[in-house]
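S.K.: Fit chain A to the given chain F structure using the hints.
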Amino acid sequence: MIELRNLWKAFHHNQVLKGIDLVVRKGEVVVLLGPSGSGKSTLLRCINYLERADRGTIRIGDLTVDAAAVRRAQIAALRRKTTMVFQNYNLFRNKTALENVMEGLLTVKGLPAREARDRGVLSLEKVGLGDRFHHYPSQLSGGQQQRVGIARAMAMEPEVILFDEPTSSLDPEVVGGVLEVMKGLAREGMTMIVVTHEMGFAREVADQVAFMDAGVVVEQGTPDQVFEQTRQERTRLFLQRVQRNPSQPDAQPPTPPAGAASPGFRAWDPASGTCSCARSPAPADPPAAWP
Amino acid sequence: MGTLFDVPFFLSTFPDLARAVPVTLKITAVAMAASLAAGLAVALVRIYRVPGLVQAAAVYVSFARGTPMLVQIYLAYYGIPLLVGFLHEQHGWNLDVSQIPAIVFIYFAFTFNVAAYLSETIRAAIQAIDRGQMEAALSVGMSSLRGMQRIVLPQALAVALPSFGNTVIALVKDTSLAFMISVVEMMGEAKILGARGLRFFEVYVAVALVYWAICIVIERLVAAGEQRVRRFEGRLAVRES
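Chains as they are written, first to last, in the working numbering: chain F, 12 to 302; chain A, 40 to 280.
Think of the hints as simulated: they come from the structure by calculation, not from any bench. The model shown is predicted, which means the values in this text are computed figures rather than measured ones. Keep in mind that a hint or two might mislead.
[Stated by the list, open to error] One-sided and incomplete, this derived list gives chain A residues near chain F with beta-carbon spacing under 10 Å:
no. : residue
1   : I168
2   : A175
3   : I190
4   : P201
5   : S202
6   : F271
[Claimed, not checked] On the chain F side, residues computed to face chain A include the following (Cβ under 7 Å):
no. : residue
7   : N59
8   : R91
9   : N105
10  : F238
Quick reminder that beta carbons are idealized off the backbone N, C-alpha and C, glycines included.
Excised from the complex, chain F in its bound form (with noise of 0.2 Å):
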């Protein structure tokens, strides 16, 4: 089990998560929603402790984590109960496919090189890249790169596998294949937390769906809970112009611009001209797509 409480991340003047709580089961799937810069990636990456959340609490299984005082060592045990899936894949580039999945279980695990390769190529083979062990990251496609990234996520065992955007770099084409490789995780019971734009997989596979915006989580609840009965505004919105726009997910909702609205004011329905909640302060810089 997963759980966050009152996570806090600021890049110098820009809070970026704003006291984030979050449970997650065991062998849950949670999908992150949110527009672009709305904290979704940054709060994957504290839990990985890619970047330092600033206060709160991380517990994973019984390592529990303060934020505010936390230790070399507890970082580096985070790190081996998360391994994270990048939105650019980030594979080894000195690596072949099969190094790259067999690099943290000899490193990390210190598994004898007989094991770690037996291990690398079950992976390998269950992504369905049986056929491409002595590739480079060069040699291989994206949706193949992504799904050597999977690889070597899982391979590790760890107790999640944070998701960040995994298919948003990927050719139309080749993302349901990605997808596929994630439901086949999902069934096999992995606790995955999946920041995605692709609302089928959140409808089919999600157990959670949270919806975060402007560093907080807005709305959090079963996927029926939150696609058919929204109870915010502000994801009633954003899930309009995500199945509006399927292309530009990631464009940001429309924002008065600063002084235009009183602080407090975040989401903007430009038909009506009105603001419609008042949960967290206006973000710290205008969108630069202010129309």
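M.R.: Structure of chain A alone, referenced to chain F:
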């Protein structure tokens, strides 16, 4: 008035020059190896901004690159004995300066100089590697040291190798300065031979050819090494870059 170019004398110098080749290569190899280690250390200090050391590193690199090699050789030659003598008096260290062969000062001087250049090459090469590579290493649980050693540095080597090759070639040629403190490497040998035969032009042509030959061999070796360390980049990556 003798001949324009004394071919027999010219040819007769090669065996003697050849005997000095190992000295030149030894200086090159020792200085290059020590510089790689020191340069990497300096580069890491500057990349990770190690408090206290980062300013010292910046001053060192600036000084080493901003003063002539010959001056640095003299500084090592006269400065190190002073320092050793001082320590000898202060701490009763049992070091006798006169026992230190001149070539040791040359090792120090060249390492001091070349490490500064290499540190910049290495720093640029490491910084050219996508951050995501280190993040991926951390994400599977590797320490940043391990990630550096197994993921980032091998890739940085591929970036830096051509530049290392240039540095080695420059170093081979610079070793000709070692004779200024009477280390008899190739250039020193050439001067001795020229003085003995009273024919300097022939011997300098000969020594030029030997330097050139050495540098050609090094170029070939570096090119072969490049093939090896870049094999992971594949055709696609080459087109990208």
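S.K.: Each hint needs a verdict: does it hold in this structure or not?
M.R.: Hint by hint, here is what the structure shows:
A least Cβ separation of about 8 Å between A:I168 and chain F falls short of the 10 Å threshold, and the interface hint therefore holds. For A:A175, the shortest C-beta to C-beta distance to chain F is roughly 4 Å, which falls under 10 Å, so the interface hint holds. For the restraint placing A:I190 at the interface with chain F, the shortest Cβ-Cβ distance is roughly 5 Å, inside the 10 Å limit, so the hint holds. Contact between A:P201 and chain F, as hinted, is not supported at the beta carbon level, the nearest pair being about 17 Å apart and thus beyond 10 Å.
Interface hint status for A:S202: violated, as the beta-carbon distance to the closest one in chain F is roughly 18 Å, over 10 Å. Look at A:F271: its Cβ gets to within about 5 Å of chain F, closer than 10 Å, so that hint holds up. Interface hint at F:N59: satisfied, since its Cβ lies 5 Å from the closest Cβ of chain A, which is below the 7 Å cut-off. Here the hint on F:R91 is kept, as its CB sits about 4 Å from the closest CB of chain A, short of 7 Å.
Interface hint status for F:N105: upheld, as the beta-carbon distance to the closest one in chain A is roughly 5 Å, under 7 Å. The beta carbon of F:F238 is not positioned within 7 Å of any beta carbon in chain A (closest approach about 30 Å), and the interface hint is therefore violated.
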